[in-house]
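Visitor: Protein chains in written order, with the working numbering: chain A, 1 to 474; chain B, 1 to 474.
Bear in mind the hints are in silico, worked out from the structure with no lab data behind them.
Please note that the accuracy of each hint is not assured.
Derived pair list, reagent style DSBU-like, types lysine-lysine, alpha-carbon separation capped at 30 Å [unchecked claim]:
#, chain 1, residue 1, chain 2, residue 2
1, B, 247, B, 362
2, B, 8, A, 362
3, B, 196, A, 167
Derived CB-CB ranges, DEER-like [said to hold, decoys possible]:
#, chain 1, residue 1, chain 2, residue 2, range
4, B, 255, A, 316, 34 to 40 Å
5, B, 247, A, 219, 54 to 60 Å
6, A, 5, B, 376, 28 to 34 Å
We treat Cβ as the ideally placed atom computed from N, Cα and C, and that holds for glycine.
Number of protein chains: 2
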Amino acid sequence: MINLDEFKIQAHKFVDWIADYYNDIDKYPVRPAIEPYRIYESLPVKPPESGEPVDKIFEEFKKIILPGMTHWQSPNFFAYFPANSSFPSLLAEMLTAALGAQCMKWETSPAATELEEAVMNWLKKMTGLPENFHGVIQDTASTSTLCALLTAREQKTGFRINDEGFKTADVFRVYCSAEAHSSVDKAVKIAGFGIKNLVRIETDKEYRLMATGLEKMIKKDIDQGKKPLCVVATLGTTSSTATDPVKEIGNICKKYDVWLHIDAAYAGSALILPEYRGLIKGIELADSFVFNPHKWLFTNFDCSAYFVKDKKALVNTFQVVPEYLKSADYGRVNDYCDWGIQLGRRFRALKLWFVIRSFGIKGLQEKLRKHIFLARYVEEKVRSDNNFELLAPVNFNLICFRFKPAKVTDIEELNELNMKLLQKINNTGKIYLSHTILKGVYTLRMVTGQTNTEQMHVDRAWKIIQEQAASLKF
Amino acid sequence: MINLDEFKIQAHKFVDWIADYYNDIDKYPVRPAIEPYRIYESLPVKPPESGEPVDKIFEEFKKIILPGMTHWQSPNFFAYFPANSSFPSLLAEMLTAALGAQCMKWETSPAATELEEAVMNWLKKMTGLPENFHGVIQDTASTSTLCALLTAREQKTGFRINDEGFKTADVFRVYCSAEAHSSVDKAVKIAGFGIKNLVRIETDKEYRLMATGLEKMIKKDIDQGKKPLCVVATLGTTSSTATDPVKEIGNICKKYDVWLHIDAAYAGSALILPEYRGLIKGIELADSFVFNPHKWLFTNFDCSAYFVKDKKALVNTFQVVPEYLKSADYGRVNDYCDWGIQLGRRFRALKLWFVIRSFGIKGLQEKLRKHIFLARYVEEKVRSDNNFELLAPVNFNLICFRFKPAKVTDIEELNELNMKLLQKINNTGKIYLSHTILKGVYTLRMVTGQTNTEQMHVDRAWKIIQEQAASLKF
Numbered sequence: 001m002i003n004l005d006e007f008k009i010q011a012h013k014f015v016d017w018i019a020d021y022y023n024d025i026d027k028y029p030v031r032p033a034i035e036p037y038r039i040y041e042s043l044p045v046k047p048p049e050s051g052e053p054v055d056k057i058f059e060e061f062k063k064i065i066l067p068g069m070t071h072w073q074s075p076n077f078f079a080y081f082p083a084n085s086s087f088p089s090l091l092a093e094m095l096t097a098a099l100g101a102q103c104m105k106w107e108t109s110p111a112a113t114e115l116e117e118a119v120m121n122w123l124k125k126m127t128g129l130p131e132n133f134h135g136v137i138q139d140t141a142s143t144s145t146l147c148a149l150l151t152a153r154e155q156k157t158g159f160r161i162n163d164e165g166f167k168t169a170d171v172f173r174v175y176c177s178a179e180a181h182s183s184v185d186k187a188v189k190i191a192g193f194g195i196k197n198l199v200r201i202e203t204d205k206e207y208r209l210m211a212t213g214l215e216k217m218i219k220k221d222i223d224q225g226k227k228p229l230c231v232v233a234t235l236g237t238t239s240s241t242a243t244d245p246v247k248e249i250g251n252i253c254k255k256y257d258v259w260l261h262i263d264a265a266y267a268g269s270a271l272i273l274p275e276y277r278g279l280i281k282g283i284e285l286a287d288s289f290v291f292n293p294h295k296w297l298f299t300n301f302d303c304s305a306y307f308v309k310d311k312k313a314l315v316n317t318f319q320v321v322p323e324y325l326k327s328a329d330y331g332r333v334n335d336y337c338d339w340g341i342q343l344g345r346r347f348r349a350l351k352l353w354f355v356i357r358s359f360g361i362k363g364l365q366e367k368l369r370k371h372i373f374l375a376r377y378v379e380e381k382v383r384s385d386n387n388f389e390l391l392a393p394v395n396f397n398l399i400c401f402r403f404k405p406a407k408v409t410d411i412e413e414l415n416e417l418n419m420k421l422l423q424k425i426n427n428t429g430k431i432y433l434s435h436t437i438l439k440g441v442y443t444l445r446m447v448t449g450q451t452n453t454e455q456m457h458v459d460r461a462w463k464i465i466q467e468q469a470a471s472l473k474f
Numbered sequence: 001m002i003n004l005d006e007f008k009i010q011a012h013k014f015v016d017w018i019a020d021y022y023n024d025i026d027k028y029p030v031r032p033a034i035e036p037y038r039i040y041e042s043l044p045v046k047p048p049e050s051g052e053p054v055d056k057i058f059e060e061f062k063k064i065i066l067p068g069m070t071h072w073q074s075p076n077f078f079a080y081f082p083a084n085s086s087f088p089s090l091l092a093e094m095l096t097a098a099l100g101a102q103c104m105k106w107e108t109s110p111a112a113t114e115l116e117e118a119v120m121n122w123l124k125k126m127t128g129l130p131e132n133f134h135g136v137i138q139d140t141a142s143t144s145t146l147c148a149l150l151t152a153r154e155q156k157t158g159f160r161i162n163d164e165g166f167k168t169a170d171v172f173r174v175y176c177s178a179e180a181h182s183s184v185d186k187a188v189k190i191a192g193f194g195i196k197n198l199v200r201i202e203t204d205k206e207y208r209l210m211a212t213g214l215e216k217m218i219k220k221d222i223d224q225g226k227k228p229l230c231v232v233a234t235l236g237t238t239s240s241t242a243t244d245p246v247k248e249i250g251n252i253c254k255k256y257d258v259w260l261h262i263d264a265a266y267a268g269s270a271l272i273l274p275e276y277r278g279l280i281k282g283i284e285l286a287d288s289f290v291f292n293p294h295k296w297l298f299t300n301f302d303c304s305a306y307f308v309k310d311k312k313a314l315v316n317t318f319q320v321v322p323e324y325l326k327s328a329d330y331g332r333v334n335d336y337c338d339w340g341i342q343l344g345r346r347f348r349a350l351k352l353w354f355v356i357r358s359f360g361i362k363g364l365q366e367k368l369r370k371h372i373f374l375a376r377y378v379e380e381k382v383r384s385d386n387n388f389e390l391l392a393p394v395n396f397n398l399i400c401f402r403f404k405p406a407k408v409t410d411i412e413e414l415n416e417l418n419m420k421l422l423q424k425i426n427n428t429g430k431i432y433l434s435h436t437i438l439k440g441v442y443t444l445r446m447v448t449g450q451t452n453t454e455q456m457h458v459d460r461a462w463k464i465i466q467e468q469a470a471s472l473k474f
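So here's chain A without its partners, still in its complex pose:
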């Protein structure tokens, strides 16, 4: 164990290393070329009896751990959705770790609680969410969506399930599009509805939920004595960033008294751009909304912004106040442990505060517009190369495409070919892409959303993609 003086010396060394890491990040293989369990096997089976010097641990971090990391902050990271960080966020995380505050209740960290309310209100203004929404930071969109389903479950049953458990007639139905995220499945399972009661509605050719199909299904379910509980509409699907028609869906939800949750985990950040505001036309019909500043708003993971209209319903779903948690201010303040699953909470509002203030709204808008520009730029490259095909509209900054040489026409063969191509591309270590399947078609996904991605990275990426495609044998 080290003392304060030693900590200070080491922390300065760590800062220098972090600065070097960001300076050189471009040069690391984005995804390591490594076989499973090689790192595990190189670690001692037993923990050390006596303390070891920090220098030694740090050296082994660099020698053993670092080469086995996927570099999410690399500008050559184009896979999944980014978990993009930024320097102001990093600085704030240092303070958060130093304070080590446990922000479960107002009393256990008044400033953290009040800053959370303040920055969540800022986000509301920045994204155009209704003033009557209440915000709270959750860890992930998986958790936020689960909170939405649980709150819907309780609110629609007068908090009976919390109290008595499920009854015979409780066949609750949850609806989302065929393209909605797997976290909806997970939440439906956890909430006890049964996955067969998650109804996935067909999408149109741009992968958006078809509202007519939704209404038809709700009616049918009601006729059969089932209880339509919640619709999860997606703003920016994981596969192709399709956005469901919020207003149409909202009107159906109103008509049948169904909770509307909007999963904007990735694309919600784009709402800070006025030109995207139209996507949430009808948002006042929603009951809850989630987007992740830790995805595309430069705030370190974890930071999921969850908003709910009926704050009381949320709190009544989760609140349990035993004696040892009672305090004098009870009821006058927000105790955010009552707004979700966990009791303990990190001070996550601080990094949002640093990010929003350091960038400013304009700075954030600029970054996002650049990412969107880069996506259109890649889109053009795909369109202008006869060997490639675009597979979905580029709504934000995700490009869905595939290699499609003229001489290959069989779908299975094309799927195989693109699967191989993705492996070859990622095995270069120079860039990292991921994939999905869109209506049976194996699709390469490239997201231009990493904080430090510039045109040169995109140029290089496209060159690598072309080269690897040209080198394929088929």
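Based on the hints, put chain B in the right spot on chain A.
Guide: Okay, now just chain B, sitting in the frame of chain A:
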């Protein structure tokens, strides 16, 4: 937004400030004297249009946020249970924030996944947990206990509820002691059992669950057609660190085929001391176990160590693998997103690795023994002062006591008096204690478990307690 050079300059400044903060931490009021919404009201309603300099944000952090924080890392923090950090943990958190890796799957961070398996195995060895347990880091014990209940729910029904939802006959019963943590209530609600199906069993005079009462209740429930699902035994209750008899409970669970989850959130850390190992006699009868290194093992919040015997049951409860998350290594490696609620995960194994290596087992044991010594030291002070009364055995490092001057005998009056005393003590800002109610008695709780708490802090604390008690008018 700042560039890399500016970040480096600022990060060094932040390190200096953090070192000063720890140097002076003793001098901060542990809990701020602040009225609700003062900080909120001092923050701008609107986010800034243009970016602001980090210097300005940092200044306002110091001026506005810091004075409103409860200082969890202060050696004068004796409230709740600690969320104690340490310098090696802090250093690791800097790296974690810098890498900004999203550790959902092996492929998205191989080294993080493999290090997690390695350090969780270390913890197993350090605490004497059975070799056939499988470890995973969760955020909090609330989440871990919820995972246990959900896994029990699915395993006992052949994964039917995940699939089809609850049926008429599904009246699941969960058992814990009258002293078990409120997170059990929360988990029972979320899992859909209904809070009235949480059965709280009476405790003996040392606040331990009485196994005879448990068995009687299980039998009665079976006779009534209800389904005993899970027992949550506590190792170190929140109110008084009572520990339930694991072996007796385990035998009952075996007999009636009931899942046994052990909530050792706080006191589990003490198992690294051989002299406490006896507490988990019978641990091989348990199905799952949780303890929080972020409470009493010097690892920054959040870091909850969850262990489960039947790994397949856990994974089958949570796994959902959509196309965009499939990878070539599927099934050969641990994808920890399938081991819990969230998809996204921070790289939390790193700080455990730093802490265990930097302290060494001996260093950790030394710290814990010191905390336990300090508790016995306070216990002696309480015992030797006729105006005070000890209210529970000091099993680890929590002292439960009250002020009890000879002339006050009425229980309500004593409760009132101690409530006032706690307010007075905490209003000094010099130390921070919390309270509970033990069998109707308002009880002051003092935990000597903060990383940097020394005998001098405890001496000063006791003096303040005595002074404030003497100044009470009654």
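Visitor: CB of residue 247 of chain B to CB of residue 219 of chain A, is that within 54 to 60 Å?
Guide: Taking Cβ atoms as reference, residue 247 of chain B and residue 219 of chain A lie about 57 Å apart, which means the hint holds.
Visitor: Run the distance test for residue 196 of chain B versus residue 167 of chain A: straight-line Cα separation, threshold 30 Å.
Guide: holds (13 Å)
Visitor: Is it true that the CA of residue 8 of chain B sits at most 30 Å from the CA of residue 362 of chain A?
Guide: It holds: about 24 Å lies between the C-alpha atoms, which stays within 30 Å.
Visitor: Is the hinted range of 28 to 34 Å satisfied by the C-beta distance from residue 5 of chain A to residue 376 of chain B?
Guide: holds (31 Å)
Visitor: Run the distance test for residue 247 of chain B versus residue 362 of chain B: straight-line Cα separation, threshold 30 Å.
Guide: Answer holds: residue 247 of chain B to residue 362 of chain B is near 28 Å, not above 30 Å.
Visitor: The hint says 34 to 40 Å between residue 255 of chain B and residue 316 of chain A; measuring C-beta to C-beta, is that right?
Guide: holds (38 Å)
Hint check: no violations occur; every hint is consistent with the structure.
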